[in-house]
Amino acid sequence: MLAYQLRIAWKSLMRNPGHSLIVAGGIALGVAVSTLFATVRHSFAKDPIPEKSDSLYYVRMDSWGPHEGYPGDTISPQVTYQDMNGLMRSDIPVRQSGMFKAQLYVFPDAKIGRPQREIVRLCFADFFGMFDVPFKYGSAWDEKADKGPEPVVVLSEEMNERLFGGENSVGRSVRIENRHFRVVGVLDRWRPGIKFYDLTQAQVQAPEPVYIPFEFVRAMELRTAGNSDGWKSPDQRGFAGFLASETTWIQFWVELPTAQHLERYRAFVDAYTLEQRKGGRFQRPLDNRVTSIPDLMKELNIVPKEANATMVVSLLFLLICSLNLIGLLLGKLLARGSEIGVRRAMGARRLDVFMQHILECELVALAGGAVGLLLALGGIEAVNLWTKTMFQRDDFFRIDWTMAGFAAVAALVAGLVAGAYPAFRVCRIAPAVHLKSQ
Amino acid sequence: MLQMKNVVKVYRTEIVETHALAELSIHVRKGEFVSVMGPSGSGKTTFLNIAGLLDSFERGEYLLDGVDVRRLRDSAKSRIRNQKIGFVFQSFNLMPELDVFDNVDVPLRYRRLPARERRQRIERALEQVGLSSRMRHLPSQLSGGQQQRVAIARVLAGDPVLILADEPTGNLDSLMTHEILDLLERINDQGTTIIMVTHSAECAAHAQRQIHLRDGRVAEVDEPPSLVRGREPSLAPRLG
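Each protein sequence line maps, in turn, to chains P and S. Throughout, the numbering used here is defined as the position within the first sequence, counted from one, plus 91. Throughout, the numbering used here is defined as the position within the second sequence, counted from one, plus 1.
Heads up, a few of these hints could be off.
Claimed, not checked - With the Cβ distance kept under 10 angstroms, some of the chain S side facing chain P (calculated, not the full set):
#1 Thr19
#2 Asn50
#3 Gly67
#4 Val70
#5 Leu73
#6 Arg80
#7 Leu99
#8 Asp106
#9 Val107
What the hints assert, rightly or not - Derived DSS-like pairs (lysine-lysine); straight-line CA-CA distance at most 30 angstroms:
#10 Lys102(P) x Lys6(S)
#11 Lys423(P) x Lys527(P)
#12 Lys137(P) x Lys389(P)
#13 Lys85(S) x Lys527(P)
#14 Lys102(P) x Lys389(P)
#15 Lys527(P) x Lys6(S)
#16 Lys527(P) x Lys31(S)
FYI, nobody ran anything at the bench for these hints, they're computed from the structure. From a predicted model like this one, the values you see are computed outputs, not experimental measurements. We treat Cβ as the ideally placed atom computed from N, Cα and C, and that holds for glycine.
All chains, please: the whole structure from these sequences, using the hints.
Below is the structure:
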């Protein structure tokens, strides 16, 4: 019966293609706008690493001073260098890494170009396995290189393209500042939505182009290019004083595969804090947070309020588009009263008539939805171009299968909203009245 | 087959009430061919609509094939229309975008019959009205008489016990009129009850009984001898 009704609906739509185009156009407009703004929100809100988001945790501790807490009724989003080292002593996580970004000069071959300051992420080898970072050539460095630290480097695909023309550069040398690093790996294209591993700053930017072992922080006396917070001046002067200070500037991640791991790790962090308290630190009430990615995104309000607001407005726009079509569809159905009367006379139930017209509306709505999706794709490209300078990437906003599904559902709902009342009205009319209308 | 007693139908607007049927009582026996005549506004079409369960009525009783239709829900009325009643309209009422086959298929679709049985019924019905060769023609490619034959095939495919025809020859020339009336007579000879609304005395003469309506009531009933059609029913050619 459904196939029959679809066939009849198609023939009916083709009988008056102009009218069908107007209805489809109205829905296309609404779907395009709502899909565009829903995609903007979705790009911020979606789980950046769904396959591991239940085992990755971000670690924070309230290491602030005894008299005044971290501003904003929360705790510092990062940890100190000394606390990172303390946390790294735990063997509970299957992987763990402290990390920060620095801005360093990278020297390409003189024939290729001039040195440029690049964002370099300093991290431990576990960073790559923990976040499922894909490799095109080579692999991550090993634990020995972490400890050395050995002068090894992992390049992004884009940086490898710039430095080595895209060829397999594993084993080649790259000068960073005044040191030479050996390439051990080149990343494949890696574009998580939100830069989830560092939500403290520029969350929508692309991952860094260069990665070197964390311990070069000491060897090269590197300072963070990201945010840092502190509540008191360092006790000692110089770089050693900075490392020993209460300044928080390191993001710290652990991979805890089970709830038992998580429970044990939380106990470990609390125990570490209490131990530090004996030495005069951590004088505030115990507030350690081991937070999953989805919870962290919520806590840090990663989805901008504007994205939520514009999505709601766009959905209202879709609703208005649908409501505007009600009159048009009602007029069309009433004009076809004779056909409805004949079908009712032949034994069609009210439900059959209702379903017939809803199917017809949904067919037009799906066509409109497809056009709307294409328009939204164009719109997203325009938004990406517009935000390219701001985000330093042109692929942050993406219409994925979820958003394609959203467009389809939005179109179907719009078709239902537009078609339900006219269909209900006409199927309530006595068949004799329809027949009289011929 | 059809028994109406004191049926009242009133059309209301904000300023006026029109009594389309005023205590109408009609009894049509199984297998009868009855014509209903009367001037415009006498209630012929209203009677036919109520008889075909296409419209409701205010008061009175109506038994169709022994069933009190007053108490039926809309879906039950739809089922009766689908299984027991066939409609023939003055303007044929074929779906313009559907070909002959699909037009005849309409009532069978709502009966949810399997595809094979539907095809057999459609082919048989089109053969009965002599349009087997036009199965894939659109209504616009057929003459008026052929379109009305398709409409009758649509009725025949459903194998109803009652056919309600509203001016079935109103849009046809005299040659086609005779063709359609002959077809209806042959169907009636198979035992199907037919009620035909008509303005034409000549058409009405083909019926076994003529009911005249005036002001929503039965004004007169002519019950001529069985030879009024000009032939013995037993001599009528068999259908199919």
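Hint check results:
{"no.": "1", "hint": "Thr19", "in the structure": "violated, 14 angstroms"}
{"no.": "2", "hint": "Asn50", "in the structure": "holds, 4 angstroms"}
{"no.": "3", "hint": "Gly67", "in the structure": "violated, 19 angstroms"}
{"no.": "4", "hint": "Val70", "in the structure": "violated, 14 angstroms"}
{"no.": "5", "hint": "Leu73", "in the structure": "violated, 12 angstroms"}
{"no.": "6", "hint": "Arg80", "in the structure": "holds, 7 angstroms"}
{"no.": "7", "hint": "Leu99", "in the structure": "holds, 7 angstroms"}
{"no.": "8", "hint": "Asp106", "in the structure": "holds, 9 angstroms"}
{"no.": "9", "hint": "Val107", "in the structure": "holds, 5 angstroms"}
{"no.": "10", "hint": "Lys102(P) x Lys6(S)", "in the structure": "violated, 43 angstroms"}
{"no.": "11", "hint": "Lys423(P) x Lys527(P)", "in the structure": "holds, 17 angstroms"}
{"no.": "12", "hint": "Lys137(P) x Lys389(P)", "in the structure": "holds, 11 angstroms"}
{"no.": "13", "hint": "Lys85(S) x Lys527(P)", "in the structure": "holds, 22 angstroms"}
{"no.": "14", "hint": "Lys102(P) x Lys389(P)", "in the structure": "violated, 49 angstroms"}
{"no.": "15", "hint": "Lys527(P) x Lys6(S)", "in the structure": "holds, 25 angstroms"}
{"no.": "16", "hint": "Lys527(P) x Lys31(S)", "in the structure": "holds, 28 angstroms"}
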